[in-house]
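Protein chains: 2
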Amino acid sequence: MQVNKQTLTVAIVGAGVIGCSWAAVWVRAGHRVAIFDSDISVLEGIRDRLLRNLRDSVGDPQASLAALEAGVVIHSTLEDAVAAADLVHESVAEKVEVKRELFERLDRVSKPEAILASSTSAIPLSQFTEGLLNRHRCVIVHPATPPHTLPATEVVPAPWTDAAVVERTLSLLEEVGQSPVLVKKDHPGFAMNRLQGALLIEMFRLIEAGVVTAADADKLVTDGFALRWAVVGPLQAIDLNADGGLEEYLARYGDIYDRMAMERHETERFVSPSLARELVKQFRDQLPLEQLEAKRSWRDQRIAKLKRLLAKKDSDR
Amino acid sequence: MQVNKQTLTVAIVGAGVIGCSWAAVWVRAGHRVAIFDSDISVLEGIRDRLLRNLRDSVGDPQASLAALEAGVVIHSTLEDAVAAADLVHESVAEKVEVKRELFERLDRVSKPEAILASSTSAIPLSQFTEGLLNRHRCVIVHPATPPHTLPATEVVPAPWTDAAVVERTLSLLEEVGQSPVLVKKDHPGFAMNRLQGALLIEMFRLIEAGVVTAADADKLVTDGFALRWAVVGPLQAIDLNADGGLEEYLARYGDIYDRMAMERHETERFVSPSLARELVKQFRDQLPLEQLEAKRSWRDQRIAKLKRLLAKKDSDR
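Protein chains in written order, with our numbering: chain A, 213 to 529; chain B, 213 to 529.
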């Protein structure tokens with residue numbers, strides 16, 4: 213949705229749910245998009261899926277998208293699709309052998325200066341780029357699903373990824389309206405799925421223990437935390453939830469969460485004293501205690517607006 | 213915000229952040245509110261805090277609240293505050309001795325048919341109501357913070373809580389616009405804080421391991437999951453994120469999450485096969501696979517609207 217400095221050509225390789233969503237992200241920002249999928253049965257559905265993504269992301273079912281659509285070309289060979297690409301974005305099956313073979317081909321047929329990005333949600337980049345001649349230009353760009361709707365995006369380099377490639381990828385994503393986050397270690401599951409996984413595991417445990425139903429577990433998040441977290445992140449949220457900020461919150465509730473951590477056979481406490489000190493310092497540097505109350509009002513007014521918007525839910529499907 | 217069938221008198225005992233937020237919930241729905249706090253220094257700030265909560269929750273800083281304010285009386289003794297109450301809502305310090313002593317008094321000085329509700333976030337109800345003459349009318353009503361902004365509310369009975377009291381509490385909360393969830397077992401941490409705790413613990417781990425910064429950990433939730441979860445809960449979200457629904461999602465990503473569960477020394481898998489089967493059945497009964505794509509469009513259009521609303525962020529404080 214932003215004006216880009218330079219029109220790029222982005223090759224989308226693998227045109228399933230994620231690939232067609234990425235295509236919408238790049239094309240709506242005014243870039244040229246070249247699409248390829250090895251599964252011929254997929255090809256004819258691509259344009260419909262892409263148009264739906266574009267309409268959904270502008271929130272207007274009647275929007276005229278002819279101009280945007282003109283920027284999209286569907287190719288019948290991988291070579292044609294990537295030939296002119298400044299960035300190649302792969303969203304094929306989550307199989308390491310498939311990705312390894314594809315990246316070997318991409319490394320040969322793409323322009324040597326093109327960035328090679330992977331949408332993988334969990335396979336370490338090192339497992340399928342190690343042997344490449346130009347492995348320094350490979351980087352993981354893993355989106356929240358679907359990226360045309362959700363801006364959060366993990367950027368995960370391999371040990372050999374060039375720092376300039378990481379910087380360029382982060383700034384390109386910012387320019388097209390995504391919200392990129394640098395994941396500094398190739399940690400299993402990266403960061404996003406670890407956060408989601410931690411919440412899902414706890415939900416399954418509570419449902420299995422008969423504490424809440426599945427629908428109610430969803431409702432506790434949808435009608436509670438999610439509204440708050442859409443305005444302030446989970447850490448900032450607890451900082452706002454005690455008059456003395458994070459420090460008071462941790463002093464007051466740390467024991468409860470320590471018990472939770474222990475129940476899970478965690479060897480460490482909920483939060484280490486050194487991390488707690490560091491976070492308290494960060495939060496207080498950003499927002500002095502005397503401004504907490506005003507920030508709470510700001511948060512609450514924003515949440516009230518979100519709720520009014522979402523209250524239209526019941527008349528919708 | 214809803215028309216209530218009958219005007220009630222609700223006594224708010226403990227007028228800190230949570231008490232004044234609950235007061236706003238009840239008074240904006242047209243009920244009479246009687247407030248008491250044993251800390252005299254708190255009393256003079258109550259009206260300001262309550263007015264701010266009401267303004268924030270209607271989202272209009274200029275709103276005239278005289279009519280609502282007329283429904284609020286601040287009392288100087290506990291006895292006066294609870295004398296006429298149909299529901300007494302306690303939000304005092306999270307100390308079991310304090311609550312035990314207070315509930316003993318409440319049981320003596322309130323109308324025998326009044327519901328006695330506690331906002332405790334973690335102390336089992338059985339620990340401070342066991343010895344009461346009328347313990348059958350005690351129930352935990354634990355809000356997401358703050359309740360005048362966030363509807364999600366846990367209702368947790370003790371083994372001796374009357375089923376009719378639970379039903380009445382759930383329906384009163386629905387009537388005043390909250391989103392109550394029955395927590396069927398007095399599980400440590402109930403359900404809400406266990407969900408939040410699971411996410412926070414994982415965030416702290418990732419920050420401590422140097423994978424992401426604290427600000428980026430917040431951003432991954434704020435600009436990603438929270439937008440999705442405000443529209444569809446975490447379980448429904450994964451159901452929508454594979455063409456074959458939850459069944460395909462679990463088959464495809466279950467291994468990743470199983471590894472996460474094992475790393476935490478969990479003895480069980482991410483999700484047991486029997487729970488997985490039951491959830492797949494529930495989700496398919498609610499939404500046949502052929503309607504998944506249309507539901508995704510609906511989700512994405514709603515998220516696009518939320519994003520537009522939140523994009524005003526930068527011009528705000």
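Check before you lean on any hint, since a few could be wrong.
Same chains, same names: a pair is fine if it fits in one copy or spans any two.
[What the hints assert, rightly or not] Pairs of lysine-lysine residues, derived as DSS-like cross-links and limited to a Cα-Cα distance of at most 30 Å, are as follows: (1) Lys524 with Lys431; (2) Lys431 with Lys323; (3) Lys323 with Lys507; (4) Lys517 with Lys507; (5) Lys307 with Lys323; (6) Lys217 with Lys507; (7) Lys217 with Lys307; (8) Lys493 with Lys524; (9) Lys307 with Lys519; (10) Lys323 with Lys217; (11) Lys519 with Lys431; (12) Lys517 with Lys307; (13) Lys396 with Lys493; (14) Lys397 with Lys517; (15) Lys307 with Lys507; (16) Lys323 with Lys524; (17) Lys507 with Lys524; (18) Lys507 with Lys519.
Derived from the structure by calculation, the hints contain no laboratory data.
Alpha-carbon proximity context of Lys397 and Lys517, limit 30 Å | Close neither inside one copy (37 Å) nor across copies (34 Å); limit 30 Å.
From the Cα coordinates, with 30 Å as the cut-off, is the pair Lys493 and Lys524 best called within, between, both, or neither?
-> between (41 Å within a copy, 28 Å between copies)
Checking Lys323 and Lys524: alpha-carbon separation at most 30 Å within a copy, between copies, both or neither?
-> neither (49 Å within a copy, 39 Å between copies)
Is it within, between, both, or neither for Lys519 and Lys431, if the alpha carbons may be no more than 30 Å apart?
-> Result: close both inside a copy and across copies, 14 Å intra and 21 Å inter.
Identical-chain pair category, Lys217 with Lys507, by Cα at 30 Å | neither (35 Å within a copy, 35 Å between copies)
Alpha-carbon proximity context of Lys517 and Lys507, limit 30 Å = Answer is both; intra-copy 16 Å and inter-copy 23 Å each pass.
With 30 Å as the alpha-carbon cut-off, assign the pair Lys431 and Lys323 to within, between, both or neither.
-> This pair counts as neither: shortest intra-copy Cα distance 49 Å, inter-copy 33 Å.
How would you classify Lys507 and Lys519 at a CA-CA limit of 30 Å: within, between, both, or neither?
-> both (18 Å within a copy, 20 Å between copies)
Status of Lys217 relative to Lys323 across identical chains (alpha carbons, at most 30 Å) | within (21 Å within a copy, 70 Å between copies)
Indicate which option fits the pair Lys323, Lys507 if close means a Cα-Cα distance not exceeding 30 Å: within, between, both or neither.
-> So Lys323 and Lys507 fail the 30 Å test inside a copy (49 Å) and across (39 Å) alike.
How do Lys217 and Lys307 come out at 30 Å by Cα distance, when the copy is not named: within, between, both, or neither?
-> neither (35 Å within a copy, 58 Å between copies)
Using 30 Å as the alpha carbon limit, work out where Lys524 and Lys431 are close: within a copy, between copies, both or neither.
-> For Lys524 and Lys431, the Cα distance is within 30 Å both inside one copy (16 Å) and across copies (27 Å).
Consistency note: the structure conflicts with the earlier hints numbered 2, 3, 6, 7, 9, 12, 14, 16.
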